[in-house]
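Modelling step: build the complete structure from the supplied sequences, incorporating the hints.
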Amino acid sequence: MNNQQQQHQKTMDRVQQGLDRRYRQERHFRWLGMGAIILGLVFVSFLFITIISNGYTAFQQTYVKLDVFYDPEMIAPVGETNPQVLSKADYGGLIKASMRDMFPEVTNRREKKVLYGLISSGASYEIRDAVMNNPELIGTKGEVWVVADDDFDMLIKGHIDLRLPESDRRIKDNQLAWIHDLQEQDRVEKRFNTTFFTAGDSREPELSGIKGAAYGSFFTLLICLVLAFPIGVAAAVYLEEFAPKNRWTDIIEVNINNLAAVPSIVFGLLGLAVFINFFGLPRSVPLVGGLVLALMTLPTIIIASRAALKSVPPSIREAALGVGASPMQTITHHVLPLALPGMLTGTIIGMAQALGETAPLLMIGMVAFIVDVPGSVMDPSAVLPVQIYLWADSPERAFVERTSAAIMILLAFLISMNLLAVWLRKKFERRW
Amino acid sequence: MKKLISAAVALSLTGFVGMASARDYISVVGSSTVYPFATVVAEQFGKTTKFKTPKIESTGSGGGLKLFCAGVGVEHPDITNASRRIKKSEVERCAGNGINDIIEVKVGYDGIALANSKKAPQFKVTRKDIFLALAKEVPDPKDPMSGKLVANPYMTWKDVNKDLPDMAIEVLGPPPTSGTRDAFAELAMEGGCKKIDWIKAMKKKDKKAYKALCHTVREDGKYIEAGENDNLIVQKLEANKGALGVFGYSFLDQNSDKVQGSLIDGVAPTFELIADGSYPVSRPLYFYVKKAHMGKIPGITEYLAEFSSNKAWGEEGYLADKGLIPMPTEERKAFKSDIEAMKPLKL
Chain H
1 MNNQQQQHQK
11 TMDRVQQGLD
21 RRYRQERHFR
31 WLGMGAIILG
41 LVFVSFLFIT
51 IISNGYTAFQ
61 QTYVKLDVFY
71 DPEMIAPVGE
81 TNPQVLSKAD
91 YGGLIKASMR
101 DMFPEVTNRR
111 EKKVLYGLIS
121 SGASYEIRDA
131 VMNNPELIGT
141 KGEVWVVADD
151 DFDMLIKGHI
161 DLRLPESDRR
171 IKDNQLAWIH
181 DLQEQDRVEK
191 RFNTTFFTAG
201 DSREPELSGI
211 KGAAYGSFFT
221 LLICLVLAFP
231 IGVAAAVYLE
241 EFAPKNRWTD
251 IIEVNINNLA
261 AVPSIVFGLL
271 GLAVFINFFG
281 LPRSVPLVGG
291 LVLALMTLPT
301 IIIASRAALK
311 SVPPSIREAA
321 LGVGASPMQT
331 ITHHVLPLAL
341 PGMLTGTIIG
351 MAQALGETAP
361 LLMIGMVAFI
371 VDVPGSVMDP
381 SAVLPVQIYL
391 WADSPERAFV
401 ERTSAAIMIL
411 LAFLISMNLL
421 AVWLRKKFER
431 RW
Chain G
1001 MKKLISAAVA
1011 LSLTGFVGMA
1021 SARDYISVVG
1031 SSTVYPFATV
1041 VAEQFGKTTK
1051 FKTPKIESTG
1061 SGGGLKLFCA
1071 GVGVEHPDIT
1081 NASRRIKKSE
1091 VERCAGNGIN
1101 DIIEVKVGYD
1111 GIALANSKKA
1121 PQFKVTRKDI
1131 FLALAKEVPD
1141 PKDPMSGKLV
1151 ANPYMTWKDV
1161 NKDLPDMAIE
1171 VLGPPPTSGT
1181 RDAFAELAME
1191 GGCKKIDWIK
1201 AMKKKDKKAY
1211 KALCHTVRED
1221 GKYIEAGEND
1231 NLIVQKLEAN
1241 KGALGVFGYS
1251 FLDQNSDKVQ
1261 GSLIDGVAPT
1271 FELIADGSYP
1281 VSRPLYFYVK
1291 KAHMGKIPGI
1301 TEYLAEFSSN
1311 KAWGEEGYLA
1321 DKGLIPMPTE
1331 ERKAFKSDIE
1341 AMKPLKL
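Keeping their order, the protein sequence lines are chains H and G.
So the first sequence is residues 1 to 432, counted in my numbering.
So the second sequence is residues 1001 to 1347, counted in my numbering.
By construction, these hints were calculated from the structure, which means they are not laboratory data.
Just to be clear, a hint being listed does not mean it is correct.
Heads up, incomplete: computed chain H residues facing chain G, CB under 7 Å, no partners named [claimed, not checked]:
#1 Arg169
#2 Asp173
#3 Gly280
#4 Ser284
#5 Pro380
#6 Pro395
In silico DMTMM-like links for lysine to aspartate or glutamate, alpha-carbon gap of 20 Å or less [stated by the list, open to error]:
#7 G:Lys1052 / H:Asp129
#8 G:Lys1311 / H:Glu111
#9 G:Lys1050 / H:Glu111
#10 H:Lys172 / G:Glu1272
#11 G:Lys1124 / H:Glu111
#12 G:Lys1119 / H:Asp161
#13 H:Lys88 / G:Glu1302
#14 G:Lys1118 / H:Asp168
#15 H:Lys96 / G:Asp1321
#16 G:Lys1258 / H:Asp90
#17 G:Lys1208 / G:Glu1137
#18 G:Lys1050 / H:Asp90
#19 G:Lys1119 / H:Asp168
#20 H:Lys88 / G:Glu1306
#21 H:Lys113 / G:Glu1315
Just the calculated beta-carbon pair ranges, DEER-fashion [claimed, not checked]:
#22 G:Pro1175 / H:Ser167: 28 to 38 Å
#23 G:Asp1140 / H:Phe48: 22 to 32 Å
#24 H:Ser167 / G:Ser1309: 23 to 33 Å
#25 G:Lys1136 / H:Thr50: 31 to 41 Å
#26 G:Asp1101 / H:Val266: 30 to 40 Å
It should be emphasised that the depicted structure is a prediction, and the values quoted were computed from it without experimental measurement.
The beta carbon of each residue, even a glycine, is placed where N, CA and C say it ideally should be.
If you want it as structure tokens, here you go:
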């Protein structure tokens, strides 16, 4: 008895002794977990802060007010409305004349060229469009706000360090003086950058936009969804509900899981070999892009759909069969509607993955400079991540902020797609 | 229902085929060095003519020529850009696929800069220094004339040449797939390699060994492959004062507030000095046009006219604003008349 008590005491002591250490270990374990999360958050916030601080200025654009005389001698006689004549006129000349009027002291040919360079080369197209829309402008004078050149824009946004010696700056002292004059006369203004949302790609940063890439992404994802969703769901339903469990279906299952982990560039190579070289589809079009991305997202969709089907309790199937429904009716009337939210969530996550993909598109020629906004799945186009890649590789400084702005847009799309997936799950998911 | 689906599939298929057989825009592939210039011309062309804006893919010079030489027809590109001249093997490959007439157009020149951060002193090197600092194997420093080769033992620039600063050798540059790297190896490294007499003599005896010696970059971490993105190299140089970077002149021009070009053989990489040929590391840029496509694909003739106009590739043209070094007036005239006569390439 005594002995036993002693032994008991010993155990208690040992437990007591070890207790502190065990609590401490648990605390450390929790700290480790928290530390991991904090580290992750620090990285994410660092990413977001750099992207947003680099990119937010891209949503504004510097404009310059010019007094333009729509000189009939330079455009066309007053009353001319033929668009072919109007489109050929020298509208750049009108801008140059206006700049000359403002700075009559600039006479040297070289200096003049620098002066005209303050205004974007796209400004003449703006004036052309204004005149073509309203030919009555010819012969009149008017004030026009035109887009400033990217170096000018960078200066106004404070991206050019004026403390550096003149030779090291993109903006020289004489340009600074002119810009100063313009600012004194209230001719310089920062406005919301609508061009960024309404234009396609351009080599002039101030004229470039993401509309072309956004449309390209839309068409590509459309093709991807139209193909991958029905095929993926059909495959999942067959494998889960009808297929016999034997070695063949095991092999298929292993292969689907493997395909989900294959590097995406492999699908690009496959697309190049099959769709472009064998079927002769054109390069750089959203149709081929969508086909390739559909191949890539199929495994994701199949796996998610099978998981969703598995989570529907067998009692539902048995009840339906019990009241005389055919297997097909059981699936289309009962199982599928219940599994659909899970399938949609998987599909949306797969689509979000496809939206951010560049590597396979490289192989099928979608990494290209395309100015015209695509109008169909057969027009050449780029996609959002490709646009980011191309801008990040451009020498002009003003593309840095545009790259970050495009990343922000892409992130916004990705976040809203993922939120939609979460919402769908919350709203329709049923638990048993 | 089934009929409807099959009808829709059939309709869409014929639609695709119908659309695929007619292309109403120019398709351009090729070098990433020529890409920034070709895209400017394409954009101007699209805005000022009734034609669609050409589509330009950046595939690298070799990749571009491979696509270009794959055949004649709408599914193959019309033009390929190259940062080097077409090779004989590529011309033969083209001919094998039925492309016999290729028009060669030289666009202008591009300088390759060796640059470092503005915060560090400017480098003054010779091509021989570049070769000795970056080659995988160099003449034995103990007895350079013996003809014996050793794995590159130099750790600092001072080891290479006692007039250079005492800084560890660290050069960021493009990977071997890049045309810029090829040109750097050929012009800067081989240029310095040739300065050593016994290696020069080797050229006649064993051209292969000579080329391997002069073009092979060391792989012990002193030369760091920084990817094809020149902007990235500029950013890394800004952060690391001790490093040098290798990239195209247009990036030096755009980032003149952050980085400075080193003097090579006493010549700075400036627009004027590259244009007059005194800067030693500069190369011509080209593009190649499939004659068989002219007249079939709308706008090729007009695109060529835009490219070869003085407002584009002239001394004060918009390509010069983007950092292209224009050809001398005589050379421009010669190429322009070749374009107008559609004179096919003869190697």
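Of the hints stated earlier, which fail here?
2, 9, 11, 16, 23
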